[in-house]
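For reference, the chains in residue letters:
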Amino acid sequence: MLDILIALRNIFRNRTRTLLTMLSIVVGSIAIIIVNGFINYSMWGLRESMIRNGIGHFQFYQKGYLEREEDISLEFMITNYKKLTREIYENMGVSFVAPEISFNGVISSGEKSTIIIGKGGLSEEEQRLNSFGEIVEGSFYNDDEFAVLIGEGVAKKIKAKLGDTLTLMAPMRGGGLNAIDVTVKGIIRMTIEEYNSTIVLAPLFLAQNLLNVEGVDRLIVMLKDTEKTKEVEKISIDFARNKNLEFKSWKDLAIFFFQVRDMYNTMFLILFIIIIGVIIFSIANTMTMNVFERISEIGTIRALGAKRRHIIRQFVLESLFIGIIGGAFGLILGYLIAEIINLSGGIYIPPPPGNAKGYYSMVKPEFYKVLLCYAGFVVTCIIASIFPARKAAKMEIVEAIRG
Amino acid sequence: MAIIKTETLTKVYKLGKTDVVALKNVSLEFEKGDIACIMGPSGAGKSTFLHLIGCLDKPTEGNIFINSTNTKNLNDNELSEFRNSYIGFIFQSFNLIPVLNVYENIEYPLILGKRKRDKDKILSLIEAVGLSAHIKHRPDELSGGQRQRVAIARALVMEPEIVLADEPTANLDSKTGEMILNLLLKLNEEKKTTFIFSTHSEIIAKHSKKIIHLLDGEVKEIINA
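In the order they appear, the protein sequences are chains A and B.
Quick note: the first sequence uses our numbering, first residue 1, plus one each step.
Quick note: the second sequence uses our numbering, first residue 1, plus one each step.
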């Protein structure tokens, strides 16, 4: 107990030096919290934008679909999709299920044409599935009308406006080419630039007529919360096995997300290592100076009967408290700054590569990661103090007493 | 039986390539309850002798027996325990722990020795050295004499059999020095603690039962009072 008291009193013996040392930990903690909060929010945003830009949380396909040779194949249709949809609702407690069919085709305004990636789906489900997309003009189609939504880039390419009649062409099952006239009901801006210049969303019946099929090529399942992925995944895999379906989770489909996440994690690790380096230098420097200033005191304590390990413990304790106090202040200040940033509306981030628009990033630190970094800083303080502490413990008592 | 016995104690310091002999073949004995005084000019080896018998340093040659234990056979941890239990130190510069107050400074050896932190004992020692009004004061709030009294109380709290005092009154005015000496003599009388002083002070020498004169690291004269 007295050791703790001595350590606490000693760290405030030279207040300026201690505060400067703590400052390196405080600044390091703030940096960790802000950077982690930014990365965490960005990763959350990227993940949700990918999921809500059409991927969904899970997708079910007809057996064999995943081994198909073409990008889009009409050979593996789920024909009993209505029944399966009902069963998914009953068994999995999901938010919604979107039956969907994808196709490649051409859309023409008469004057100009462009290649498109089409998606046929039910109006309500598609609106929710593409909730990160923004309808810049018009509205979503109804399930029974010959109308489509086209990407902002598609509209620009073929000079199409709201209400225009366009011709949608696509190869049918069996090989022939089919064409249907459709009205532009809305123009949509997707968050991913590439989608904008190729996407056409059409009612499910229209897509089925165009392609001359009765089923859908996938059932997209959206959960109420992405965090429930693991929980529902097992049930989904069992469901797919029982129904002779194939299954993929958003984790299999959103490869880009994991690439970006790994890159950010590496950056975060580098930052953490740099901060650790600064703390090691700062603590080692402070402790070395402390040892030199207290040589006579060390000699006295040894003369009174303290063992070498007691001296080591004394200096390590001091360093530990600097870490604990500095880190705690850093945590409080870091969270405070994060809250101020969030309350002020976040940090504006210009459109990332491949994205159509920028966004305001909030700072949402992951508590467990921040806590881990805090523990890392405290451990670093201990490690950094060991060398000076050992040096103090190894001093010859007689020389130390003389100072 | 001698409480401290040294046999041909020699200490050689290396200063660069030169060997400096601080003590040479010093063989002495001290009995329990002795008040002994090591005298001699600066560089005679007084402090070196005190450091060696206080287990703060190791001799180059020779043996030191304290309570029949040859300190040569003790490792560093055992020496620490030995110092804590058997020897009290009073230094010329008081050497108090600056962040601890009077009470805590005196209590500290008990904690190091993992002994019972006997509050009554500490308070009675504080009373004995006349510092009851300064219990919560830190060393920088005390005068030189008061600091030395704290150091005395600290040296006695473990009830050591031996107290080694290196120039205990050198940094004090004559009146305070005399008061400190009287305090030590009283403790010697009451507890039969063995006191060994290293000093230039004639007053201390006058009260000692044994006076050892050192010169150039060798015993020149032993006077038994």
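Simulated from the structure, these hints should not be mistaken for laboratory data.
Be careful, since some hints might not be right.
Unchecked claim - Computed Cβ-Cβ distance ranges for the label pairs, DEER-style: (1) P98/B <-> E227/A: 52 to 60 Å; (2) D76/B <-> G346/A: 22 to 30 Å; (3) A375/A <-> D216/B: 25 to 33 Å; (4) M289/A <-> E29/B: 41 to 49 Å; (5) K192/B <-> M1/A: 45 to 53 Å; (6) Y360/A <-> D140/B: 27 to 35 Å; (7) E227/A <-> D140/B: 55 to 63 Å; (8) A170/B <-> M289/A: 27 to 35 Å; (9) P98/B <-> I332/A: 25 to 33 Å; (10) I274/A <-> K136/B: 28 to 36 Å.
Just so it is clear, the structure is predicted and the values come from calculations on it, not from any experiment.
Every residue gets a Cβ at the ideal spot worked out from N, C-alpha and C, and that includes glycine.
Results of checking the hints against the structure:
A hinted range of 52 to 60 Å for the beta carbons of P98/B and E227/A is consistent with their spacing of about 55 Å. Distance hint check for D76/B and G346/A: the Cβ-Cβ separation is about 60 Å, which falls outside the suggested range of 22 to 30 Å. About 59 Å separates the C-beta atoms of A375/A and D216/B, a value inconsistent with the hinted range of 25 to 33 Å. For the pair M289/A and E29/B, the supplied restraint of 41 to 49 Å holds, since their beta-carbon distance comes to about 45 Å.
At about 33 Å, the beta-carbon gap between K192/B and M1/A misses the expected band of 45 to 53 Å. Checking the proposed 27 to 35 Å range against Y360/A and D140/B shows it is violated: the Cβ atoms sit about 56 Å from each other. E227/A and D140/B have their C-beta atoms about 58 Å apart, which keeps the hinted 55 to 63 Å range intact. In this structure the supplied range 27 to 35 Å holds for A170/B paired with M289/A, their Cβ-Cβ distance being about 30 Å.
Remark: the range hint 25 to 33 Å for P98/B to I332/A is upheld by a beta-carbon distance near 31 Å. A hinted range of 28 to 36 Å for the beta carbons of I274/A and K136/B is inconsistent with their spacing of about 45 Å.
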